[in-house]
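Start from the sequences and build out the full structure, keeping to the hints where you can.
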Amino acid sequence: MMKKQNAVSLLLAALFVIAAVAIAGSGRIVGNDVPAPPAIGATIEDFTLPDTDSKDRTLNSIKGSKGTVLIFISVQCPVSNAYNERMEKLAEDYKAKGINVIGVNANNTEPVDAVKAHASEKHLTFPILKDPGNKLADRLGAQFTPESYVLDANNKLVYHGRIDNSRDASQVNSSELREALDALLAGKPVAKTTSKAFGCTIKRA
Amino acid sequence: MFRRLAFLTVCLSILLAGFAVPAQKRSYKRSSDAAKPIATVTPIDTERLKSLLKRDSQRPLLVNFWATWCDPCRDEFPDLVKIDAEFRPKGLDFIAISLDDLKDINTEVPKFLRAMNAQMPVYLLNVPDPEVPITAVDAQWSGALPATFLYDATGNIAYKHFGRIAPEELRAAIEKQVGAKQ
Chain B
350 MMKKQNAVSL LLAALFVIAA VAIAGSGRIV GNDVPAPPAI GATIEDFTLP DTDSKDRTLN
410 SIKGSKGTVL IFISVQCPVS NAYNERMEKL AEDYKAKGIN VIGVNANNTE PVDAVKAHAS
470 EKHLTFPILK DPGNKLADRL GAQFTPESYV LDANNKLVYH GRIDNSRDAS QVNSSELREA
530 LDALLAGKPV AKTTSKAFGC TIKRA
Chain D
385 MFRRLAFLTV CLSILLAGFA VPAQKRSYKR SSDAAKPIAT VTPIDTERLK SLLKRDSQRP
445 LLVNFWATWC DPCRDEFPDL VKIDAEFRPK GLDFIAISLD DLKDINTEVP KFLRAMNAQM
505 PVYLLNVPDP EVPITAVDAQ WSGALPATFL YDATGNIAYK HFGRIAPEEL RAAIEKQVGA
565 KQ
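Each protein sequence line maps, in turn, to chains B and D.
Be aware that the first sequence starts at 350, since it is given in the numbering used here, and climbs by one per residue.
Be aware that the second sequence starts at 385, since it is given in the numbering used here, and climbs by one per residue.
Take the hints with a grain of salt, since some may be wrong.
Calculated from the model, a selection of chain B residues having no Cβ within reach of chain D, i.e. all distances over 12 Å [claimed, not checked]:
1) Asn409
2) Asn503
3) Gly536
Straight line, CA to CA, 25 Å or less: simulated DMTMM-like cross-link-like pairs of lysine to aspartate or glutamate [claimed, not checked]:
4) Lys545/B x Asp522/D
5) Lys465/B x Asp455/D
6) Lys552/B x Glu431/D
7) Lys487/D x Asp517/B
8) Lys541/B x Asp513/D
9) Lys495/D x Glu553/D
10) Lys552/B x Glu553/D
11) Lys487/D x Glu470/B
12) Lys465/B x Glu434/B
13) Lys438/B x Asp513/D
14) Lys545/B x Glu515/D
15) Lys545/B x Asp513/D
16) Lys545/B x Asp485/D
17) Lys434/D x Asp517/B
18) Lys541/B x Glu515/D
19) Lys471/B x Glu492/D
20) Lys484/B x Asp455/D
21) Lys487/D x Glu434/B
22) Lys552/B x Asp485/D
23) Lys541/B x Asp522/D
24) Lys544/D x Glu434/B
25) Lys552/B x Glu515/D
26) Lys552/B x Asp463/D
27) Lys545/B x Asp429/D
28) Lys471/B x Asp455/D
29) Lys545/B x Glu431/D
30) Lys438/B x Asp485/D
31) Lys438/D x Glu470/D
32) Lys552/B x Asp459/D
33) Lys495/D x Asp517/B
34) Lys544/D x Asp468/D
35) Lys471/B x Asp468/D
36) Lys545/B x Asp455/D
37) Lys545/B x Asp488/D
38) Lys438/B x Asp429/D
39) Lys552/B x Glu492/D
40) Lys552/B x Asp488/D
No lab work stands behind these hints: they were computed from the structure.
Ideal Cβ placement from N, Cα and C applies to all residues, glycine included.
In structure tokens form, the structure reads like this:
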């Protein structure tokens, strides 16, 4: 009887240890474990995410007639915030040309209320979607804020990377995102289809 | 029955202790009797960064890229300060490269370093285009912070880690280099 009890105890203890290791492992922070981004030319499937009023929006319902820019942004990241004015200007400049800018907040640390308040405070008028569980960020392999993706009219990825070369607006001498949009509008191939985005890492769930 | 309960209690305690460790908050307060911390942060460009990485001191070199606005960078810094204190006397060089804004070079950056009691040389990368130095350091590096590189005594990357360091893993990698040199 005692042997049987000991065996049960050992089994339970083993289960505890296995559970502890599994749970602890799942929370480990590992560098560079973000899924790879889609290849240039890949079609981005339609998705549904809530906006800052918690209303579900699909990509296809808010995309531009000639193209769409998705930019992962943040409430708190100083690099992302350094781009607020530039992102708003970009949205204004290209909306009339048929390209819509959509912000995406995938930071698990920034609730939708904070995202809405931040957009209001910083005068960001383009739609901003919340990405709970960073599912879209995972699908697009997004790592940073800000990090941008340009889709053509058929949702094919034509550019992925930074907005420009410097968080300091006075130091900008290379505007890859605008160059990609201008090429798209002109019906020309995008010369530089990828660049390294730089900013805060997305705070994943 | 009592034995079984006692055994399970011990197991449960171990389990709970395991959960408690990652939840511990790190203190950024420095010890009062520590050595005088560094006071200045030196701005550098890409060429100066390259020369720092390609120096010929014949000592292994640990390089940490970080920024005050990067939470995991702040979280790992106390471990890096400990590693610096532990291995510098054994032959390791260590430099920290901040990717903060130049406007923070005399304020936020040294303020954080003082709080950390950091003793290693610290530079601030002042470049118009961060992609250039990022690619120059390692083409595989996305630019995500923090990023930590260990160069061997001949200037080759012996170990690298993107994201918050695992201190024991880094220690083991350093031990190999310091041991190889001695």
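Hint-by-hint comparison with the structure:
no., hint, in the structure
1, Asn409, "holds (30 Å)"
2, Asn503, "holds (28 Å)"
3, Gly536, "holds (28 Å)"
4, Lys545/B x Asp522/D, "holds (12 Å)"
5, Lys465/B x Asp455/D, "holds (23 Å)"
6, Lys552/B x Glu431/D, "violated (32 Å)"
7, Lys487/D x Asp517/B, "holds (11 Å)"
8, Lys541/B x Asp513/D, "holds (16 Å)"
9, Lys495/D x Glu553/D, "violated (29 Å)"
10, Lys552/B x Glu553/D, "holds (24 Å)"
11, Lys487/D x Glu470/B, "holds (24 Å)"
12, Lys465/B x Glu434/B, "holds (16 Å)"
13, Lys438/B x Asp513/D, "holds (21 Å)"
14, Lys545/B x Glu515/D, "holds (6 Å)"
15, Lys545/B x Asp513/D, "holds (10 Å)"
16, Lys545/B x Asp485/D, "holds (18 Å)"
17, Lys434/D x Asp517/B, "holds (23 Å)"
18, Lys541/B x Glu515/D, "holds (14 Å)"
19, Lys471/B x Glu492/D, "holds (23 Å)"
20, Lys484/B x Asp455/D, "holds (22 Å)"
21, Lys487/D x Glu434/B, "holds (19 Å)"
22, Lys552/B x Asp485/D, "holds (21 Å)"
23, Lys541/B x Asp522/D, "holds (20 Å)"
24, Lys544/D x Glu434/B, "violated (36 Å)"
25, Lys552/B x Glu515/D, "holds (22 Å)"
26, Lys552/B x Asp463/D, "holds (21 Å)"
27, Lys545/B x Asp429/D, "holds (18 Å)"
28, Lys471/B x Asp455/D, "holds (23 Å)"
29, Lys545/B x Glu431/D, "holds (20 Å)"
30, Lys438/B x Asp485/D, "holds (23 Å)"
31, Lys438/D x Glu470/D, "holds (23 Å)"
32, Lys552/B x Asp459/D, "holds (14 Å)"
33, Lys495/D x Asp517/B, "holds (22 Å)"
34, Lys544/D x Asp468/D, "holds (16 Å)"
35, Lys471/B x Asp468/D, "violated (41 Å)"
36, Lys545/B x Asp455/D, "holds (21 Å)"
37, Lys545/B x Asp488/D, "holds (24 Å)"
38, Lys438/B x Asp429/D, "violated (30 Å)"
39, Lys552/B x Glu492/D, "holds (22 Å)"
40, Lys552/B x Asp488/D, "holds (24 Å)"
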